[in-house]
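So you can see what is in the structure, the chains are spelled out below.
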Amino acid sequence: MAQSHENTLTPVQYYILIGITIILFGILLYRIYDLQIRRYSDLSSEAVENMYRKYNIPAPRGIIYDRYNRPLVYNQSNYDLEVYPFEIKQSEHTWDVLSDILDIPAETLKKRMEKNMNGYYRPSKIASSLDFRTVSLIQEYQLELSGVILTSRPTRKYAPGIRAGHLLGYTAEIDKNSIELLRNQGYRPGDYVGVKGVEKSYEKELKGTNGTRYVRINAYGMDFGEDFSKSIPVVPGNDLYLTINKDLQSYVESLADTLPFSVTVLDYTNGEILAMTSQPGFDPAIFSGTVETEDWLALLNDPCKPLINRTVQGLYPPGSIFKLICAVAALEDRVISPSHQYYCSGSYRLGRRVYKCWKKAGHGTLDLYGAIENSCNVYFYNLIQDVGLERWHRYGSAFRIGTLTGIDIPEEKAGILPDRRYLDAKYERNGWTVGLLLNMVIGQGDVLVTPIDMARYTCLLATRGKIITPHVGRAIYDKKEETLRMLSFPEDSVQGIHPRVWDVIHEGMRRVVAGKNGTAKVVNIPHLDVYGKTGTAQNPHGDAHGWFIGFVKDKQFPYAIVVFVENGKSGSGSAAPMARKIFDYFWKVSTF
Amino acid sequence: MNYLQHLREKTSDLDYLTLAIVLALTIIGLFSIYSASSVGESSHWSLQFVVQLIALFLGLIFFVMMYVIPKQFLLNNAWFFYIAGVLLLLIPFFTSGTIAETNRWIDLKIVRIQPSEFMKFILILILARYFSTTKNSAEVFRYVFKPLFLTLLPFILVFIQPDLGTSIIYLAVFIGMLYASGYRVYYIFLLIAPMITIVAAFNLTAFTIWGIILGIIIFFNQANIFASVGIFIGNIATGLITPLIWNHLKPYQQTRILTMFNAKLDPLGAGYQVLQSQIAIGSGGLRGKGFMAGTQTHLRFLPEQHTDFIFSVIAEELGFFMVVILFILFFTLFTRWFRMAYQARDKFGAMLIVGGTMVLLIHFFINIGMTVGLLPVTGKPLPFLSYGGSFLVTCYGLVGMILNGNSEQIPRALTYR
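Line order of the protein sequences matches chains A and B. Heads up: the first sequence begins at 1 in the working numbering, then just goes up one per residue. Heads up: the second sequence begins at 1001 in the working numbering, then just goes up one per residue.
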């Protein structure tokens, strides 16, 4: 036995062989430990990812209807073509068929795939917004096109006849910066989000919930059917019913005018807006799909600034339509009676400055009715000095002038109703004189308002103190609950103003329309009880702006109208005639 | 020779622990193959499972054959086997029709024979004979010339088939047995050095570091200064020429060589198989997803799941616990066999054991190294566990040979020495 041992291994050789075995085992075991224990969570989620092909199904946005349930904005499918790189790479034939159908060289398509690829097993877009013919051809040849999928993306379509970009807004793909903020609200890259108008203000309702289809697949991409336990169903966006009357909206948009203007027609009893426009505007349709650079630049560079919604964002001096605040303050606080008279010589001297009336010859002796009818400045120059800044401001702020109306159109701006503190801050204490007050009482100088603010003011005058919230949303059809939800907006009222005061104001406004010297005689329509007030706001940058506010006393159609014409020179010459057209249209169209 | 007595002796020698572990591994393999192959099929007995079961039966027969065959017989006929083996390796080059086809198989219509499998046994045999009977001293360098030639002949024939994996196994067997025969480690280093030089030549940093290491090792081991300088310069020159030769190759030739290192070049893109395998293993975690519940396996994300990637299936479904158990089983086998070699009564037997163990150890390392993404995909199966009838039979034969090497019967050629 002993002799044979000299022929076998030495202990060193034995231990080296064992050592090598230990090293080899150690390397492998450490690596497996690394994979199975340390990288377990990463790799098991990768394994789950592997099992499913995820299809993101964008929720179709809610449809937007008008007052009479006519669709204003709806969806239309837009088809994109995507390919799965790992599947399509194996077949040259598929490329040839695709190339024939799309009439694009296969090489170009391959390059597009490479460019848009973000993973071998993820779809890569090679064509978008396919026409109907192409879509049907692809569906026809689907069997020969393995690894090719058509994905439909709902895009916004707009009813013909209206171009209400400011009112309706538009949708755009979420940009990379906002996606991080919106991700936890269920947004995904590539989703569309409302920009401007009701698309933005009702975004939460219109959006809906994106769905995800989880389809079990194997390594060959073979479809084993949907895993319903994992899939998230699509919930389409809720439908939005507006207070807008499509015909009227279309009409006010078409009121041909070379000057920029804003029109709001609303129900003064509840604030429902029937039509509102800011012209020049834009057609939201140009934003659906890919925006053409030229269109966008044209909008951006237009000197008339069509992207600004004048109705809710434009700040202008209100001019004479503002005088009524002083009149209400004077009457309610018994500073004067309506029959109180002042003399207008055409100008008014205060200290060393002369303040002019719009009529150079002067209006002579006028009572309050006459002052409103003629829109006499001098009468109010006198009156405001008796009323005073404090009282004037108290009534103005009771009327909510200079505050946001809360309209359901985004990006509303608040106007300015100056008080003593404001003037002190602006001109320094004792740095300003009563002269400023004379300007403000006739709606000039430091007073700034938006047309929508004036719409609320007009409603307040018409309803004798009711403060409504102008709005365009009427109801929401909830797709999940399958119920119609009526929208409500806050209402308030100015208390404590004597009915007699309103009688006087209404009488004055009636005379503006029906009186011999009324500044808005152009809207005097037989058998129609129209009340109004014009305004001409001096503009240091150019021609004066024209205003008209008015309402109709009518049980069936309790509507108020606010017209603003930028650089219209005068209210009676520009805004009132435009209002007249709208009044005419009222009684012509049968749907009213 | 009294065969009955011979058999009785053999039976009393049999290492039952080895047999038990090997059978346990095979059964684990059978279950895994069952899981891996019953994908989307409703039948309870998958074809692969049945085939593997038959292979186990044949393997056991081959095991018995390799075990009971007298060492004396193997020793006496080693040269005959060697010549026959080399001839068999040559046959596919003449028979296989197209050039594109690899020259691995001899088609006997019923079964296809892979001569390179037989060659594993034969190489061990001829080397064991040489190392145990040679009068040459292992202390001199030229001791290696004859066994090197004996190895290089089948090595080259298999390498150009092309089957890189198997040819590497031949080399590993050769080097393992060479070391166990008592050859100087420094000489073995000198044999391996040119190969490392060639690989390192593609990276300047690696080549520089390698040059320094090479210089230091030669300086401390080589007495003869001329030989030292000669070996060093020879290596460096090889390294410098390598990139030149490589760049002179045509792209398709380069691809062909690269393909040898990555035999199953991924049709889907870089590293797909290995990536999927790593995901499978990693997602198994500590406890695994449960038998028959591996998602990677059952949705066929694993490539070659019942053959080369069977380990991934086990790791995915049975987790790290099972991996550790497998490693303990294999480790026990390999160390036990090396111990047998250490304690063997005759050098021929010891050499048979070392050779057989090297084949299985390298298979184990290459296969698992591949599935965990450490080594290129060479397509070598995992001993006892992978599906593949002929490989399972080979493995059982090797075990038979190892245990035979360990048996008490000492060949005469050695005893009367």
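Honestly, the hints are just simulated from the structure, not real lab data. Backbone N, C-alpha and C fix where the C-beta goes; we use that ideal spot for every residue, glycine too. Treat the hints with care, as some may be off.
[To be verified] Subject to a maximum C-alpha distance of 35 angstroms in a straight line, what follows is the list of computed DSBU-like cross-link-like pairs (lysine-lysine): (1) B:K1146 with A:K115; (2) B:K1146 with A:K111; (3) B:K1250 with A:K110; (4) A:K200 with A:K521; (5) A:K521 with A:K553; (6) A:K569 with A:K356; (7) A:K157 with A:K125; (8) A:K413 with A:K569; (9) A:K359 with A:K426.
[As the list claims (entries may be wrong)] Derived contacts from chain B toward chain A, CB cut-off under 8 angstroms, selection only: (10) F1291; (11) A1293; (12) Q1343; (13) G1369.
Indices of hints not satisfied (ascending):
Going through the list in order, the structure violates hints 1, 2, 4, 10 and 11 and respects the others.
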